[in-house]
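If you read the sequence shown in the numbering used here, its first letter stands for residue 1, the second for the next number, and so on.
Heads up, a few of these hints could be off.
As a list, the in silico DMTMM-like pairs of lysine to aspartate or glutamate whose alpha-carbon atoms are at most 20 Å apart [unchecked claim]:
| # | residue 1 | residue 2 |
| --- | --- | --- |
| 1 | Lys236 | Asp225 |
| 2 | Lys127 | Glu181 |
| 3 | Lys465 | Glu449 |
| 4 | Lys478 | Asp458 |
| 5 | Lys339 | Glu304 |
| 6 | Lys236 | Glu249 |
| 7 | Lys330 | Asp316 |
| 8 | Lys330 | Glu310 |
| 9 | Lys158 | Glu139 |
| 10 | Lys463 | Glu449 |
| 11 | Lys339 | Asp313 |
| 12 | Lys337 | Asp316 |
| 13 | Lys127 | Glu189 |
| 14 | Lys439 | Glu459 |
| 15 | Lys28 | Asp395 |
| 16 | Lys158 | Glu144 |
| 17 | Lys351 | Glu38 |
| 18 | Lys234 | Asp457 |
| 19 | Lys211 | Glu189 |
| 20 | Lys443 | Glu462 |
| 21 | Lys463 | Asp447 |
| 22 | Lys418 | Glu31 |
The calculated label-pair distances, taken between Cβ atoms and stated as ranges, are [said to hold, decoys possible]:
| # | residue 1 | residue 2 | range |
| --- | --- | --- | --- |
| 23 | Gln338 | Glu177 | 36 to 42 Å |
| 24 | Arg263 | Gly345 | 39 to 45 Å |
| 25 | Gly291 | Ile169 | 36 to 42 Å |
| 26 | Lys467 | Pro33 | 35 to 41 Å |
| 27 | Thr176 | Asn411 | 47 to 53 Å |
Keep in mind the hints are simulated off the structure, nothing from the lab.
Here the structure is a predicted model, which means the values were calculated and not measured.
C-beta: ideal position from N, C-alpha, C; glycine also.
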Amino acid sequence: MAINSRQVQTQAQQQTQTLSPQQIMAVKLLELPTMELEERIHSELLDNPALEEGKEIQDNADNEDMDFNTDQDGEPNTDFGVDLSLGDYRTEDDIPDYKLQENNRSRNDFPEEIPFSDSVSFYETLKEQLDMQDLTPEETLLGEYIIGSLDDDGLLRKSTESLMDELAIYQGISTTEEELERVIAVIQEFDPAGIGARNLQECLLLQIKRKDNSPLKQTEYDIIDKCCEDFTRKNKEKILQKLNITEEEYQAAAAELIKLNPRPGSSMGETIGKNMQQIIPDFLVDTDDDGEVTFVLNNQHVPELRLSREFTDMLDEHTRNRANQSRESKEAMMFLKQKVDAAQGFINAVKQRQQTLTNTMQAIIDLQLPFFQQGDESLLRPMILKDVAEKAHLDISTISRVSNSKYAQTNFGIFPLKFFFSDGYTTQSGEELSVREIKRILKECVDQENKEAPLTDDELAEKLKDKGYPIARRTVAKYRQQLNIPIARLRR
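Could you build all of it, start to finish, from the sequences and the hints given here?
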């Protein structure tokens, strides 16, 4: 019996999202704080000869006799602060915006630079350990991204699905869940023990595994592996029953367990990491006596950039003589064009970064104006990423990247942009309350309670209601847990 086979051709429409190299560069520059941006620009200046650092425009021979107090028609010049000569720039449009802005500011208007610590950062310490592993180049890139995604306490709270999406969108890297898990497992072998864990239980188990063998090691492991929640709630009787161990064994194991570090990253972040790095603010916010709030980007040491006149002139010359070019000349023209395009793309990315930062900070100030005028934390209104994104006309992911890595210097201190964000709670009457304010009042209630008879969640809810914060008991419980406040019977 003959078997017939045939090929069938079908069409399917599929929508995929890809980022251009220019978009990827813009995203990467956006994430950089001011200090790292300066380093990135200096690196680009060394790598691309078509990119030049702009200098102060000096008077040249063509305008030595020009009176800068009058224009070409002899009228008084009122364009103060902007140099009339274009210098090496072809048109006014070629002059960077930040050059025009800074020419209107005195160097004395900027505060003294806040020094940066020489200590090794949290990221660099883990990166050194990553470089010592036998990994492929792609696995190393994945490892670097995972390390950069760790929270300050050293835990990895992003799911593998989220990491895969971010890698595809922002890094252009396609990977699998299995490959990510392999790299995460490698990072979990780094020092200090517990780094890279997805939750508290995994963090403690990783530390127990590293301990020397002892009669208590298996008991410690079983308590965390099988009774972690009971242990954190101090339900000793349940643990004894589940594991069939004596009270003496439990007490001995518990004494060892409380020595474990639930925040392994803190030992790095507080001694050699982020907290030792004195912050250089990205925004300088000023509030005058009339309550008017203004700000500038802290670009004091960010070099001005322009295209090399020599490179652009050579490219123009090659373009004009394109018809009579030899093979070598065409290759030279392609080289020149690639370098000039790359330089122009980098300049545009820097400009785009500055515009994005400006729009974001202006939106935050507009939404939190009372705080910037008075410095009272209680005046911070509920504000989420979506609010800022809508006001700044930017994507939520862009606002997230800006707020996660930038700082603002105000009249009332230096704050991370994350400080200005807070969820809101809407009462039945439609009144919107700040979760930050509710948590502050909740903590005050706990601090002032009678420690012999601590308040239950129901009683805390009643106290908050009396103070004008009518929230449900389950909401009180959620906020209490977020503040790391134990339940009533554990606060005795």
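Quick rundown of the hints versus the structure:
1. Lys236 - Asp225: At roughly 15 Å apart (the allowed maximum being 20 Å), Asp225 and Lys236 satisfy the hint.
2. Lys127 - Glu181: 18 Å, holds
3. Lys465 - Glu449: 16 Å, holds
4. Lys478 - Asp458: At roughly 13 Å apart (the allowed maximum being 20 Å), Asp458 and Lys478 satisfy the hint.
5. Lys339 - Glu304: Judged against 20 Å, a Cα distance of about 18 Å means the pair holds.
6. Lys236 - Glu249: Holds - the C-alpha atoms of Glu249 and Lys236 are around 11 Å apart, at most 20 Å.
7. Lys330 - Asp316: 13 Å, holds
8. Lys330 - Glu310: 18 Å, holds
9. Lys158 - Glu139: 18 Å, holds
10. Lys463 - Glu449: Between Lys463 and Glu449 the Cα gap is close to 11 Å, so the pair holds against 20 Å.
11. Lys339 - Asp313: Holds, at roughly 13 Å.
12. Lys337 - Asp316: 10 Å, holds
13. Lys127 - Glu189: Holds, because 13 Å separates the two Cα atoms, which is no more than 20 Å.
14. Lys439 - Glu459: At roughly 15 Å apart (the allowed maximum being 20 Å), Glu459 and Lys439 satisfy the hint.
15. Lys28 - Asp395: Since the Cα atoms of Lys28 and Asp395 sit roughly 15 Å apart, the hinted pair holds (cutoff 20 Å).
16. Lys158 - Glu144: 15 Å, holds
17. Lys351 - Glu38: Holds, at roughly 14 Å.
18. Lys234 - Asp457: 18 Å, holds
19. Lys211 - Glu189: 13 Å, holds
20. Lys443 - Glu462: 14 Å, holds
21. Lys463 - Asp447: With a Cα-Cα distance of about 13 Å, the restraint between Lys463 and Asp447 holds, given a limit of 20 Å.
22. Lys418 - Glu31: 14 Å, holds
23. Gln338 - Glu177: 36 to 42 Å: For Gln338 and Glu177 the Cβ distance comes to about 37 Å; the hint holds.
24. Arg263 - Gly345: 39 to 45 Å: Check passed, 41 Å falls within 39 to 45 Å.
25. Gly291 - Ile169: 36 to 42 Å: 41 Å, holds
26. Lys467 - Pro33: 35 to 41 Å: 39 Å, holds
27. Thr176 - Asn411: 47 to 53 Å: 50 Å, holds
Of the numbered hints stated above, none is contradicted by the structure.
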